[in-house]
Structures are given as C-alpha cells and as structure tokens.
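Protein chains: 4
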Amino acid sequence: MAGNTFGQVFRITTFGESHGEALGVVIDGCPAGLSVSAAEMQSDLDRRKPGQSGITSPRKEADEFRVLSGIRNGRTLGTPIAIIVENKDQRPEDYEALTHAYRPSHADFTYQQKYGVRDHRGGGRSSARETVARVMAGSIAKQLLATEGISVKAYVSQVGSVKLDKPVTDLSGVDNNAVRCPDEATAAQMIGLIEATKAAGDTIGGTVTCLIEGCPVGLGEPVFDKLQADLAKAMMSINASKGFEYGSGFGAVPMHGSEHNDEFVKDGDKIRTVSNHSGGIQGGISNGMDVYFTVAFKPVATLMQNQETIDDQGNPVVLEGKGRHDPCVVPRAVPIVEAMAALVLADHWLRNRSVKI
Amino acid sequence: MAGNTFGQVFRITTFGESHGEALGVVIDGCPAGLSVSAAEMQSDLDRRKPGQSGITSPRKEADEFRVLSGIRNGRTLGTPIAIIVENKDQRPEDYEALTHAYRPSHADFTYQQKYGVRDHRGGGRSSARETVARVMAGSIAKQLLATEGISVKAYVSQVGSVKLDKPVTDLSGVDNNAVRCPDEATAAQMIGLIEATKAAGDTIGGTVTCLIEGCPVGLGEPVFDKLQADLAKAMMSINASKGFEYGSGFGAVPMHGSEHNDEFVKDGDKIRTVSNHSGGIQGGISNGMDVYFTVAFKPVATLMQNQETIDDQGNPVVLEGKGRHDPCVVPRAVPIVEAMAALVLADHWLRNRSVKI
Amino acid sequence: MAGNTFGQVFRITTFGESHGEALGVVIDGCPAGLSVSAAEMQSDLDRRKPGQSGITSPRKEADEFRVLSGIRNGRTLGTPIAIIVENKDQRPEDYEALTHAYRPSHADFTYQQKYGVRDHRGGGRSSARETVARVMAGSIAKQLLATEGISVKAYVSQVGSVKLDKPVTDLSGVDNNAVRCPDEATAAQMIGLIEATKAAGDTIGGTVTCLIEGCPVGLGEPVFDKLQADLAKAMMSINASKGFEYGSGFGAVPMHGSEHNDEFVKDGDKIRTVSNHSGGIQGGISNGMDVYFTVAFKPVATLMQNQETIDDQGNPVVLEGKGRHDPCVVPRAVPIVEAMAALVLADHWLRNRSVKI
Amino acid sequence: MAGNTFGQVFRITTFGESHGEALGVVIDGCPAGLSVSAAEMQSDLDRRKPGQSGITSPRKEADEFRVLSGIRNGRTLGTPIAIIVENKDQRPEDYEALTHAYRPSHADFTYQQKYGVRDHRGGGRSSARETVARVMAGSIAKQLLATEGISVKAYVSQVGSVKLDKPVTDLSGVDNNAVRCPDEATAAQMIGLIEATKAAGDTIGGTVTCLIEGCPVGLGEPVFDKLQADLAKAMMSINASKGFEYGSGFGAVPMHGSEHNDEFVKDGDKIRTVSNHSGGIQGGISNGMDVYFTVAFKPVATLMQNQETIDDQGNPVVLEGKGRHDPCVVPRAVPIVEAMAALVLADHWLRNRSVKI
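Chains as they are written, first to last, in the working numbering: chain A, 7 to 363; chain B, 7 to 363; chain C, 7 to 363; chain D, 7 to 363.
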C-alpha cells in the first residue's frame, strides 16, 4: 500500500486490518539509547481503546502490545522497533451483512473501486483500529520529546455546538472525565450531549485541540515541509477528520494585520512575541512560543438507525443499525492527535540536527 | 534545504530567493508526450504576479519564464523539466533597513535562529515569491490533468467578513474581477473592503475555495497519504495560510451523523452520493464526486503603518510602513491554490497506476 | 534505523534482531489481486535456512512464516503485507563470550561506536539472519514478476578458485546439488573445496551470478536509478558481498569498443542485439535482452579457529572457534540474491507504469 | 523523470539535455554557513570537461557555472543551491544523421522505447554531459567534508590491460599527467595505449579507484543503505560503469577467512585494524580506516569507425565514425567518481547526526 510510511527521519510504517491477525508498526530512525516506558505506552493505548467509558463503543479490545525488535532491556537499540497488537475480540459474524453493502460515508465503495477487492470485516484496513499502530509509535515519540522538555497534550474543545469558550492553560485534568475536556462544567455538557445523541441512535461531531509546550525555536522546513504543513497532513490523515487550523486559524480571516501581527519583545535574554496568533510557527518554523492547533472531526458514519444504501451490484439495501460503535469520536481521538503531533515533532526535531554546519 | 521537494511520482523541487538571481523549479515524473502550452503557463504566472490590479502590490515583475530542459518542440521528453524566472525588478535598497530587524509575523527571526544566516532582501527564501515556481509546475500539472478531463479551479470565497453565502456552481467568471470571486456583487463588496483596508495602511485576511471536477474514483492512498491529507499539506505549505477544511469541514462539527452521511444511489450505471459532505473523498480515496476544500489566509504581515519590533541584537526598532505590498493575499493566492491542488492530483493520478495487478 | 526501507513503489521495510522475538517485513505497494503461493514462499525460505546440507551451518531454524496482514484468501488486498518468522532455536549462552569482544571483520565494533549500544547475541541486527525478511518479500516479488513472464534465477558461479568456465544456459539443475551450481562436475569440485575448508576450521569466498529472463524493454530510470545502479545497491546491501558487475563487468576493461559494442539487428518484428556485453541494460534501461550480473562474497568472518582481537575496553582477547557457522556463504546466498533482484525488478516494473501519458 | 534525485539529507536533483539550454543541479540539505570556493568548483569542472588534453574529446565546452540561489557572499544560506552551466558549443548538425539511428551500446533504442520520444542531439539526457551537474554538486560536498578533515580522491588504476600493480599511497601527483594515474611510469604506458587506440579509431576500457581518508567511524546505515551499497549505486549510476568493488573486492573470492579477516588492535587510544580488506567498512558502517573502492568502465561506445546498426524503422544503416569523442573515458571519470563518492559521504555524515539520543 502506497503512502503507508510517515516521517522522514523518525518514520513509521504501519500494517494490519481491523479483523486480521494483528495491527502493528515499525518505527525507524528512533535514536539509540532512549529509555522506553512500557507503562506509558500501555496508558496511551488504553486512552484510545474502546470500552473505556459509557460514551465510547462497548467493544472489548485488550490492546496489549508485544515488542518484536529494537528495544532491549528497556532501551532503544537504534534498530527498527516493531510492535504488534494481536486482534482478539473478533466477531466476524457481525460483519457478514456488510460483505457486499456500501455503508454511507464509509470507505467500502472507494476501497472496492480502487483495489478491486477489500476486507469488509470491520472496515479492514480503513478502520480506525489502524490508529492503534500510530498511538504506540506516538507514545515513543512523546517519550523522546520529553527528554528535551517538549510536551504534547490534546483535549476535546468542542462536541456538537458545545464548546470551550475560553483558552485553556491547565491541562492536568484532561483525563479526569470521559470526554477529555479540561473544563469540568463544559465536559459535563458535552457528555450529556453525547449520551442524548447515543440514545437517539445518532452520532455527533467535535473538535480536538492540541498544545505543544517547550518546543524549541527552529523546527520545520520552510518550503513544503513547513511545521504546520506536516501537522496538517498528520491530522488530516486521521480517520474522520475534516479540518485543521493552527494559531488564529480561520479566525484570522476577518482580522486586520494590525491586530493579528505578533509583536516581538525581549524577555530577559530570550525573544518572544506578545500575542501568539502565529500559533508558535512563523515561516513554517517554530519560534519558541506554544504551538497549538485544532482538528475538526465529523459525526461517526455508523448509526444505530436503519439507513438506505446500495450494494456492490447497485441494488438497494437497508443497513440495520447494530454493532458496537462510538456516538462521538473525539474522546478517543485525543491520544491519536497527540501521537500524530508527537511523530511530526520528533521527526522535525531530528531533521533539524543537520541544518547548520 | 530539507523539505524542498513535493510529490512522489509527479514531484517538484524549487529554488530561489526573492531577490536572488532567479526562481525556478525542476519537475520530475511528468510523463513523456504531454503537449505543453506556454501561453497557459504564462497566463497562470500573470494571475499570480503583482501589479495586475489596483488591489495588489504595485511591484512590477515581468515573470517571464525560460524552459531549460525537458520540453522539446512543445512536448515533454520524460526528462526533468527545469524552468526559471529571472529576477529583474530588484530594489535591494528597499530592504536595507531590514538587514537586522525582525518584522512581526514574518520569518526573519525564525530563519535567523534556524540557519544562523539569512538573505533579508524581500524575505529571501521565505518570500511568497517562491510560489512562482509552484505556479509554473502547477500549470503543467493542470495541463496533464486536463488530458483526463480533470479540472482544478479556485476562487475567493471570503475577504474579511464578506463571504459568499451560497454554493457556487459556475466558475466561468472568476477572472472577470480583480478579487477573483465568481459572484460579481460579492466581488464588488470584497474589492471595496480591500480598498478601504489599503487606504488605512492595513491588511485583511480571506479564504480561497477550490473545486476539482472530473476527478476519477480511486485517487488517494488510504493511510497517511489520504487525498485530503496531501491536499491539506499542500495548502498549509502556502505562505500565510492558517487553516484547511474539505467537504463539510468545520461545519461538520455540530452536525449529526444522520444528516451528515452521504447516501449512495445508482445513477444510470454509475454510483454517486445524494449529498456531498464528504467533499468527494471517503477513506482518503476520491469517490467520483466533486472534490472541494477551503483554505484560510491571514492578513498580510507587512503594513503601511509603523510597527514596533526588535532587531537581531534585541534592541527595539520601529519599522516604517513603506514598500510595495498586498493589502490582501487571496486574489493572488487563487492560482497558487490551483497549482498546489493540481500537483497533488497529478501525483495521485500517476501513483494510482500501480495499485492493481 | 535509517536506511531500513528498500524500493520506491514496491517497497519493503524489515525488522528484527538475530536472537530477538522475531524477524519480519512489511511490504508496501504490492498490487492488489495477486495470488500468493505460501508453498513457494516456504520453499525460498528453506533454500536460505541453515542446516539444509552438509556444507551449511548446522543450526536448526524452522523459519516458518506467519502472515499478519495484507493477504486474504490467498490474494493480496493492496494493503501492507506484514510477515514474521519467530525466532526459536536461540542459544544465547553461545554468545555470552561475545558480550564485549569485537570479532574481526564483523560489525560489533562499528555498531557499538555508531549506536553506543548493541545486541551482541548472534550479531543482533547485523546478522545475516535479517535476510529472512528479504527472502519472504522477494518471493512475493518473484510471484508478481512471474505474472509478466519475468523469471529471476541465481546460481553459484565460483567458490574459491573453482569457477564455472562457460556460460550457463540451463538453470534447471541449480537446486540439485548442495552448492547450487548448475554444472554438476563443477559443483562437485566446489563442494569438495568447501568440505576441505570446513575441515580446516576455515572459510572461503565465492560468487553468485543472477540471470533475469523475460525482462521487458524499458525498466530502469536513467539517471541515478539506473537499473544496474539499483541492482548494485541491492546486492551490495547483502551481508558479506564485496563486489558487483553486470554484463561484461570488469571483463570490459581490457576490451576495445569495436569488440564490446552490441550490434542491433532486426529479428522478426523485434529488435535485439547480436552480443550482450550490455547485460541487457543500456543507458540504465533494460533493452529486452537477458539481464545478468555477478556478486562477489568474501569468506565468512567467523572461523572455527582461535583468533586474537580486542574487547570494548581495548583489552586483548582470544576468540575461540566454536558455534554453528557456514564455511562458505554462497549456497545460501542464492535465494537472497534472487530476492533482492526480484525486489528491484518488481519496483521498476511498477515505476515504469507512469512513464508515458 | 523518476530517479532523478540522489541522497537523503544532502540531496541533489539534476536536469538538462546534452544540447538543450543548460545543465543544472539543485542541492538540498547542504548545511547553512559553509564557505564555498568558486575556484574549487571551477577546477573540478575543468578536470571533467572535454578538450583538456590530447587524449580526451576535442570538443570545446567552457563549462562556466552560474549560481542562481542558495549562496550569498560566498556562504551557503541553508536554502536550495541551484547552479547551471549553459550549453554553448552546440553543433546540432553533427547529430542530424542520428535522428533515427540506434547507435550500438548507446541509449537511443531504450530511451525511444521507454518514453516514445527522445532528444537525439548528443544523446540528450543520456549523455555523460549530465555529469557536469554531479561534479558541481560533488565539489560542494567535498568542501563540506573537508571541514571535517575527510578527503575524497580518485585516480586511474587501469587502462586496457595496463594497470597499477602496487598500492598507491601518495595521490599528490594525480593531476600531473593527462590520464590521472599517480604513477608516472604507468601513466605513460596508459597514455601510449590510449593514443594508439585513438589512432585506430577505437576505444578502450579502464578502472578508477577512489580513496577516502579521514572518514570517521559510524557512517552508513546498516541494512539497505550500507555505506558500500550507496557507494555502489552512486558509481553504477555513472555512464559507462560496469562494475564496483570495495576493499578486497572480487579479490576476496579465492581467499580464506583466516587470511581475509582484519584483526583489531589498540593503537594509542584508538582502535584500528591491522589489514584493511574490509575497505574501511564493516557491517555497512565505516570503521575509521581508509575507505577505498574501484569502478570498472567499459570502452566508449562511439567509435571513429563505421558501424552497422538499424534505425527506428528497423532498416539497416551504417554509422559513420565522426564527431568529437573520447577514446577512453577514465581520465575524465576521475572527478565524477570523486563527486559521487563525496555526495554519498556528505549525505551519510549528516544522516549520522540523528543516530543517538
């Protein structure tokens, strides 16, 4: 499969179908000598997995990983790190009805047309289960970045029309509630909305915002591989994402330059900007301020309602609303957004080592 | 410079500083045997160049291109196509005051920090003049796609708070007005807003929307190189862009799945969807419907007002508002968005040739 | 680990340490719809594995593979194909003495210096056991090429000073003897030489020649990715290889152009050359004639004799000659050479699909 | 054109047809802050150009380069370095007879088949004139390596059957004679042989050996991008090369391990090997000893004799022996071999910066 590798120096290659033998990732370019915490990796996987709360899919996936290579005695060897998660809670019979149907706003039709064949079980390769691989790799990237004091944290900033209406500075409570919104009052509203949506057999969209603190000046390659360009690609490669903005984002459109420009000031022996509409990136290169961006996710396409569609012969069929699915993707998207952001940052941090003589 | 090549099969490598000898591009992977119209290339360059109307920078750049290799007798040879535009209207004295100053929301500071050196004249490599190279390559990509009936057209959909409030289906009039908005009444408002902004020595943001018609089913690689992911990267690599959304975009967030899903129907012997919230892409692969997306651009950072900032020694300096600059970037961004979209499509169209046995 | 992916369109990424959990490969870009024979894959693995004859290492490795993704019901899905072989016959105690010693002409010293850490067990990642991954992927590449009538076959052409002194046209008997030389008389001499060398606790070099029949005209990208350049890289990436030549090779050096040039003639409606000093490649592109090349392998570095060396503290140590090793690498290198050649050919065959409009 | 970029971090993209407007190169990834000597670049170009002595082609090509971007005030900016050489001494009438003929052992036939079109003038893109671009880039790579004390020097080691029969340690006199052999007596024999060959209207093969001194330990990525693998690809991508060997090379084949192994010893506080059959590379990684390798070149295909061939309609034609060509390619290949080796080394030197935490 083309386009299955991400990153230039810190790079990952993933594999696996939703209901195949295993999901996995090969990480190349992770520097030798990094101490890797298996507990942190499992924690990230657990934040992604279904069944973790009342507002996620009730599927049970243990998602226990097995390291096949590249780490010995808890440290990276500099060699490829291969990690797999074997698939266990498979119920192929859940998918028999879907052997020939094209589910609306899913990838059944496009996969069939592109490849002439597809694994229909749980969406096969198009399933968001593929992100297990990203989360494992992203966890290692986060651990690498942490050695430099760079932290990557995401949170839910909007569900349906319920949104955080003020900037968030304290992200310590993100995992304290099921929806992963750092403001408890807003979180409660979001959870209420998701529960009501679920009760109606429907789904709803949301946004995830990511904050990167401690990013050094100089990351990003300023023509095509601008830091924001690689972040945008990373985010738009996540299942169900529909939009990306960084810094002021779409909010910059009605603004004037005189209010949007970020004034430089000297702060001790450091240079910083007074405002941060730039989202920590200027000319594609990090400027030392916080990097932040937001990703829009559509409502999940699988409904607990009947839907009309057609099958691969063009015949009309009715999809029954059953199975085990999420009413809203954003709570589980938080660790995925973090993982992809960390992969981009780790890659650019390493790439930046060869920029000067 | 890392990150200076874009595309996998149809790929471009660009070079040039704003006030250096020349801007240029090397196009690799363009199939042999394509008839290339020099007039179309020049037309695209002319749509990008400054001085084309009262609402763009009054700089005069002839932007005449010279093909150094790869095209003979009007047809591509299959070999690298190198094209340059020599820089002529250079006024380095305009930039002397900027030798040491860090202009707000520009890349002066980040380049200096990253490389330890920079060409301050007109922003050097960070200047949007670099997009000359993209437009030349994109014009050839558009001509390649046209042989397959694929058209790539962009237009201005918003300036400040003035926005197109209805979907546009007829793009024939895009170039009939200076702002490149296909609705004349809205265009007039936009132009008025830009002129007022310019008169105040200020600048304003905007959005460009792009419509790809005739896109075949099957383009896009469904994990990391999803069609929307590569489009997002392409767009976020354009100077001054702040956000990207495709299909329903951020508008999907408050929606329910039951209204957002695109129902499949049989239409003659073709399969299509009734609505197109998917923006023509499902699972990262084009589904045969129109592909469309919108890009947000910030207000131009160079103002015709004095601004306070600091220099590379950390001393406060005042930037005088002078020079020849655009009050709003979107009219000239239209051909750049088209170029980058065409490069992505051409690349994926060629990549798709090896997908099946 | 950088440089761990091979190929552009048909591309592989491998992983695994010699005595880690598993060896494996991820194959990307294999077209959908290919029927894959597991028996052929196992047969290639069996030709590579130790313990297959009296002149190879007596280690017992079952080398049974497990497909984790990408193949369903015997056909490729177009998604990443992940395959692993778990390590079973591990005797880490065999390697304890090597924890700190730098074995002569092995990679112990360079790995330690480069990464600051290494898995000393059986050479870790530097072990030729890594080629298990290549052989699995190469077997699929060979099956892909076979659908086009392209065959890739290698044989032993020299062991020590015993060499085939005439061109070989019939390769059907290659696997009939332990050394994989298609001429039985020469094979017997080679086997005798290897047995004598083994009895002396020593090792010996050899060459493998590869013949690609049915190669269509047009494969190879004519500047840096010339067909011979990619074949050379592929071969020189195999453990213990020391040289590569194609067509007339080093034999061309003393020749005059008037005898070396390959005259073109018309043969029915086909064009061919009378001689084939070009080895089937002109200007980096296959010309439709047989492609052939030869790879030199050094004598195995591990001896059954005591050797003096130093350890990672710079202290002198004596390596005892023990363990389970090959006296000559070439019989087992045959399937590896085939695999790497097939990977190059499959990649270029797919790349060539986008060369013309 | 696919395969037209070489290198991962320090990477070049070349363009240009032999008789087109210009030859050129874009260098990406050269670190910022390198002082570049234009005189050294011109000197390398002069060593490559025809007409420099009685044993090279009498064509006159000034080969004066023009830097279009990336270098300012003699130092690299970190941005893409674009350099061109305009073509001047063009005599297209020399090539009219070749519009339709397929010259033996040239790329006319394969280009025509692959692309369906070709620029027949002087071989177009297949001409060795393309190496002008490599030499310019290689000169900058050599200057980069020199800042680390790494030197890359090549010399002619064989012409026809005349070969250097002893190892060469002093390369200071390489450019003192027209054939670029460091031993004057052998050089005289080689020159005599080339002159006699030229007088007969014929051509002859040769070898170039390259010596890299001062190479630090640790360069090379030990699976597919082994240092010797990338060197082999680089060398086999040069026009007319037929073989590559490093260290003991093909000479290792008849050797036993007990004589071939390079014993490690402590030398002060450094570790080195007593012999250097490894050619300075073990496990794909440089070990701090001298790296050396040899490249075989075939006799030039263009003869000053009549040759029979066919044209693109399959009709027999006779090529007349005329034009301005080299009787032996190796004297001019010396700077090309150096350039390609320097590009590989510079790339791996930069790649190695991200190997450890």
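Hint data in this document are derived by calculation from the structure and do not stem from the laboratory. Hints may be right or wrong, so weigh each one.
Identical copies look the same in the list; a pair holds intra-copy or inter-copy alike.
Listed below are the simulated BS3-like cross-link pairs for lysine-lysine, each with C-alpha atoms no more than 30 Å apart in a straight line [what the hints assert, rightly or not]: (1) K66 - K362; (2) K328 - K272; (3) K362 - K169; (4) K362 - K276; (5) K172 - K94; (6) K272 - K362; (7) K172 - K66.
Comparing the hints with the structure gives:
1. For the identical chains of this complex, K66 and K362 are neighbours neither inside a copy (50 Å) nor across copies (35 Å), given an alpha-carbon limit of 30 Å.
2. Taking the closest pair of Cα atoms, K328 and K272 come within 30 Å of each other only across two copies (25 Å); inside a single copy the shortest separation is 59 Å, beyond that limit.
3. Taking CA atoms no more than 30 Å apart as the test, K362 paired with K169 passes in neither setting, with 43 Å inside one copy and 43 Å between copies.
4. Taking the shortest alpha-carbon separations for K362 and K276, both the intra-copy value of 21 Å and the inter-copy value of 28 Å come in at or below 30 Å.
5. Within a single copy, K172 and K94 get their C-alpha atoms no closer than 42 Å, and across copies no closer than 49 Å, so neither meets the 30 Å cut-off.
6. Taking the shortest alpha-carbon separations for K272 and K362, only the intra-copy value of 25 Å comes in at or below 30 Å, while the best inter-copy value is 34 Å.
7. Taking CA atoms no more than 30 Å apart as the test, K172 paired with K66 passes in neither setting, with 36 Å inside one copy and 45 Å between copies.
The structure does not agree with the numbered hints 1, 3, 5, 7 stated previously, though it agrees with the rest.
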